[in-house]
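J.: These protein sequence lines are chains A and B, in that order. Residue numbers for the first sequence follow my numbering, beginning at 1 and rising by one. Residue numbers for the second sequence follow my numbering, beginning at 288 and rising by one.
Be careful, since some hints might not be right.
Pulled from the structure, derived: some chain B residues nowhere near chain A, Cβ distances all over 12 angstroms [as the list claims (entries may be wrong)]: (1) ALA299; (2) LEU309; (3) PRO340; (4) VAL365; (5) LEU385; (6) ARG396; (7) ARG408; (8) LEU423; (9) VAL457; (10) PRO506; (11) ARG532; (12) CYS644.
Sample of chain B residues facing chain A (criterion: CB under 7 angstroms; computed from the structure) [what the hints assert, rightly or not]: (13) TYR339; (14) PHE352; (15) LEU353; (16) ALA354; (17) PRO356; (18) ARG358; (19) ILE362; (20) MET364; (21) PHE366; (22) HIS374; (23) GLY384; (24) GLY425; (25) LEU443.
Over the 12 angstroms line for every Cβ pair with chain A, so calculated as not near, a few chain B residues [unchecked claim]: (26) GLY336; (27) PHE372; (28) PRO389; (29) SER392; (30) ASP447; (31) ARG462; (32) THR475; (33) PHE529; (34) GLY552; (35) ARG553; (36) LEU613; (37) LEU618.
By construction, these hints were calculated from the structure, which means they are not laboratory data. Note that beta-carbon positions come from the ideal geometry of N, C-alpha and C, so glycine has one too.
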Amino acid sequence: MSAPLRSRPVAWPRRVVHAVLILLALVFLTLFLLLPLATVFVEALRQGLGPYLEAIKEPEALSAIRLTLLVAVIAVPMNLVFGIAAAWAMTRFEFRGKALLGAFIDLPFSVSPVVSGLVYVLLFGARGWFGPWLDSHGIKIIFAVPGLVLATMFVTLPFVARELIPLMQAQGSEEEEAARVLGASGWQLFFRVTLPNIRWALLYGVLLCNARAMGEFGAVSVVSGHIRGLTTTMPLEVEMRYNEYEYVGAFAVASLLALLALVTLAVKTLLEWRYGDEIAAHAPGGH
Amino acid sequence: MLELSRLHRRFAGFQALDDVSLSIAPGEFLALLGPSGSGKTTLLRILAGLDYPDSGSVLKGEEDFLATPARERRIGMVFQHYALFRHLTVIENIAFGLRVRPWRSRPSRSDIRARVDRLLRRVQLEGLGTRYPAQLSGGQRQRVALARALAVEPDLLLLDEPFGALDAQVRVALRRWLRELHEELGLTSIFVTHDQEEALELADRVAVMNNGRIEQVGPPEVIYQQPATPFVCEFIGKVNRFAVRRHADGFAAGGWMPDGDPWHGRFTEAVAYVRPEQLRLAVPSSLPAWLAHLRHIYLAGGVAHLDLYVASLDLALEADVASEDLSRLGLQAGMELRVAPRGAVLFPLDGKGVPLCEERWIWHARSPVAA
Numbered sequence: 001m002s003a004p005l006r007s008r009p010v011a012w013p014r015r016v017v018h019a020v021l022i023l024l025a026l027v028f029l030t031l032f033l034l035l036p037l038a039t040v041f042v043e044a045l046r047q048g049l050g051p052y053l054e055a056i057k058e059p060e061a062l063s064a065i066r067l068t069l070l071v072a073v074i075a076v077p078m079n080l081v082f083g084i085a086a087a088w089a090m091t092r093f094e095f096r097g098k099a100l101l102g103a104f105i106d107l108p109f110s111v112s113p114v115v116s117g118l119v120y121v122l123l124f125g126a127r128g129w130f131g132p133w134l135d136s137h138g139i140k141i142i143f144a145v146p147g148l149v150l151a152t153m154f155v156t157l158p159f160v161a162r163e164l165i166p167l168m169q170a171q172g173s174e175e176e177e178a179a180r181v182l183g184a185s186g187w188q189l190f191f192r193v194t195l196p197n198i199r200w201a202l203l204y205g206v207l208l209c210n211a212r213a214m215g216e217f218g219a220v221s222v223v224s225g226h227i228r229g230l231t232t233t234m235p236l237e238v239e240m241r242y243n244e245y246e247y248v249g250a251f252a253v254a255s256l257l258a259l260l261a262l263v264t265l266a267v268k269t270l271l272e273w274r275y276g277d278e279i280a281a282h283a284p285g286g287h
Numbered sequence: 288m289l290e291l292s293r294l295h296r297r298f299a300g301f302q303a304l305d306d307v308s309l310s311i312a313p314g315e316f317l318a319l320l321g322p323s324g325s326g327k328t329t330l331l332r333i334l335a336g337l338d339y340p341d342s343g344s345v346l347k348g349e350e351d352f353l354a355t356p357a358r359e360r361r362i363g364m365v366f367q368h369y370a371l372f373r374h375l376t377v378i379e380n381i382a383f384g385l386r387v388r389p390w391r392s393r394p395s396r397s398d399i400r401a402r403v404d405r406l407l408r409r410v411q412l413e414g415l416g417t418r419y420p421a422q423l424s425g426g427q428r429q430r431v432a433l434a435r436a437l438a439v440e441p442d443l444l445l446l447d448e449p450f451g452a453l454d455a456q457v458r459v460a461l462r463r464w465l466r467e468l469h470e471e472l473g474l475t476s477i478f479v480t481h482d483q484e485e486a487l488e489l490a491d492r493v494a495v496m497n498n499g500r501i502e503q504v505g506p507p508e509v510i511y512q513q514p515a516t517p518f519v520c521e522f523i524g525k526v527n528r529f530a531v532r533r534h535a536d537g538f539a540a541g542g543w544m545p546d547g548d549p550w551h552g553r554f555t556e557a558v559a560y561v562r563p564e565q566l567r568l569a570v571p572s573s574l575p576a577w578l579a580h581l582r583h584i585y586l587a588g589g590v591a592h593l594d595l596y597v598a599s600l601d602l603a604l605e606a607d608v609a610s611e612d613l614s615r616l617g618l619q620a621g622m623e624l625r626v627a628p629r630g631a632v633l634f635p636l637d638g639k640g641v642p643l644c645e646e647r648w649i650w651h652a653r654s655p656v657a658a
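Excised from the complex, chain A in its bound form (with noise of 0.2 angstroms):
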């Protein structure tokens, strides 16, 4: 019955802007975005396959991967349990002081990742706060793998909640009230109820905060100490080897990196794409 949808015939001076504007985004993002992320999958393999695979190889690279995962791995959890649990106490409760958390949770976001590391430093590090303590102790924290993950938690912090609590918002509560007066225990309401209808969500938020943890480098850079094969991670491990002008090797790691971004960006299409009404309008806010 309808007409196949057709746009608008248009004028031809609006038809031309439309034509500039087009161009330009399409310039630009060539330009800023397309051209750098094939330079470096160009730069890695510019002796080829064997060279690069070489590259990945080394013991140091090796290491700096399974650093990077062992952070993500814990980091990653953590923010997501903190996450839901500021979303929920967000979306679910009225208390003093929610505004406050509010902005908190967004805290890290404004703050440059390298102030975020040096605080951990001021903390944690030999002549810092709790220094002497934790010395004493034998616990070491700044220039190890525990300054690595709390550094990553701090910056990651903000992606899991800001992705649920517009949507937690939206849906409301009364589905889990009408479970609680079915007789639904707190554990049954949240696995049977809640956390069905934040799934896609939950993963979208997690998948951002996965990508940004593997990629930090402000933060990580600052409690890293540099200790090649024991506390670099991927980006610091780049940045290493670039500085030594081992090109091929510090765009194979670099590669690495832009693939997990390539994958990130696939699924997080996909998932916007078959979900976007399960998934919260509004994308986290500055990266």
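Given the structure of chain A, go ahead and fit chain B onto it with the hints provided.
T.: What follows is chain B alone, placed relative to chain A:
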């Protein structure tokens, strides 16, 4: 027997419940009727265990209902927007209350299935069991919500604005159906509504609420014919309101006089309420009446609403007559009529102009003559 006594509940800045006491008999169908913000939903949520009063008690027989967790109260609740679980099918929605039971009291898989099937038949949704809530119409969702509430075999069914989100025709049909269901199941039901027609039609008893207080509790006909307060007069049905003053020989308003004075001269002013169908048209000239100008006739199916202007009161009144009486009485817009109340509810005003509810006077014309 459910005994609510002296319930108070305060939210930031407003009193949702202000000294509410009410007893609910087993098997009763009770309506909580009031405008939004009157506290009716708060009362329902307290019974459901979703909210708690600041003070007061709720007893179910000997049992302290407030100390019983929501999940042990044996309550079925239908939420205003149904609150169906959107990620579960109709069958899973209905079975939810049974599936979350601890395994000792949980019916077997086949028992649950059988019970769900029975409920689907009862709410006339056979064949829709595998659909998701988003694939159902409003009326179907409402029935799923009801089936889900009934699945746990509650003693008490709570309904929050059960028909609020439905269109007019579905609403009336579902109303009758719900009434039949209530009689068939014999459980105690309490429903919240702001629609007075719904409350009067469905309930055995209606509690009219305003500003966190119960203004009047009673059977629908008592609420309608003997309203206890000016609020009930104005909230239930349409009503004409005018001032009445005492003169040397009794109360009067613009040429009309109710005979008698039950207050024996204690008050000089009162406010009177007359329902549109209590206005008698074409009063013979031997009886006191107002001279009214018929401004317009609004024909609404079987009933016609007459827009009358009474110059001596400087007030527009509304009168209802059966449509078929229009031609019998020869009514036409623009004509002059003699009208007088057949009955009225009057409240005297104290010195500050506040109506005194306990001094209510229900007045009837002495020799009611059909209009």
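J.: So, for every hint listed, does it hold in this structure?
T.: Hints and how they fare:
1. ALA299: 8 angstroms, violated
2. LEU309: Given that every Cβ of chain A is farther than 12 angstroms from that of LEU309 (chain B), nearest at about 20 angstroms, it holds.
3. PRO340: 17 angstroms, holds
4. VAL365: 9 angstroms, violated
5. LEU385: 9 angstroms, violated
6. ARG396: For ARG396 (chain B), whose nearest Cβ neighbour in chain A is about 17 angstroms away, the distance exceeds 12 angstroms, so it holds.
7. ARG408: 21 angstroms, holds
8. LEU423: 16 angstroms, holds
9. VAL457: Its Cβ never comes within 12 angstroms of chain A, the nearest being 21 angstroms, so this holds.
10. PRO506: 29 angstroms, holds
11. ARG532: Non-interface label stands for ARG532 (chain B): nearest chain A Cβ at 51 angstroms, farther than 12 angstroms.
12. CYS644: Since the minimum Cβ distance to chain A is about 36 angstroms, CYS644 (chain B) lies beyond 12 angstroms and the statement holds.
13. TYR339: 13 angstroms, violated
14. PHE352: 14 angstroms, violated
15. LEU353: This hint is violated: LEU353 (chain B) lies away from chain A, its Cβ roughly 15 angstroms from the closest one there, beyond 7 angstroms.
16. ALA354: 16 angstroms, violated
17. PRO356: 9 angstroms, violated
18. ARG358: Hint on ARG358 (chain B): holds, closest Cβ of chain A at ~4 angstroms, below 7 angstroms.
19. ILE362: This hint holds: ILE362 (chain B) lies near chain A, its Cβ roughly 6 angstroms from the closest one there, short of 7 angstroms.
20. MET364: With a closest approach of 5 angstroms, the MET364 (chain B) hint holds.
21. PHE366: At 5 angstroms from the nearest chain A Cβ, PHE366 (chain B) passes the 7 angstroms test, so the hint holds.
22. HIS374: At about 4 angstroms, which falls below the 7 angstroms cut-off, the nearest Cβ of chain A leaves the hint on HIS374 (chain B) intact, so it holds.
23. GLY384: Where the cut-off is 7 angstroms and the nearest Cβ of chain A is about 4 angstroms from GLY384 (chain B), the hint holds.
24. GLY425: Where the cut-off is 7 angstroms and the nearest Cβ of chain A is about 16 angstroms from GLY425 (chain B), the hint is violated.
25. LEU443: Constraint on LEU443 (chain B) not satisfied, violated at 11 angstroms.
26. GLY336: 7 angstroms, violated
27. PHE372: Non-interface label on PHE372 (chain B) violated, nearest chain A Cβ at 6 angstroms vs cutoff 12 angstroms.
28. PRO389: 9 angstroms, violated
29. SER392: Given a closest Cβ separation of 10 angstroms, the condition is violated.
30. ASP447: The assertion about ASP447 (chain B) is violated, with a minimum of 10 angstroms to chain A.
31. ARG462: 22 angstroms, holds
32. THR475: The claim stands: THR475 (chain B) keeps its Cβ more than 12 angstroms from every Cβ of chain A (closest is about 15 angstroms).
33. PHE529: 44 angstroms, holds
34. GLY552: Check passes; 55 angstroms lies beyond 12 angstroms.
35. ARG553: 49 angstroms, holds
36. LEU613: 46 angstroms, holds
37. LEU618: 49 angstroms, holds
Checked against the numbered hints above, the structure breaks hints 1, 4, 5, 13, 14, 15, 16, 17, 24, 25, 26, 27, 28, 29, 30 and satisfies the rest.
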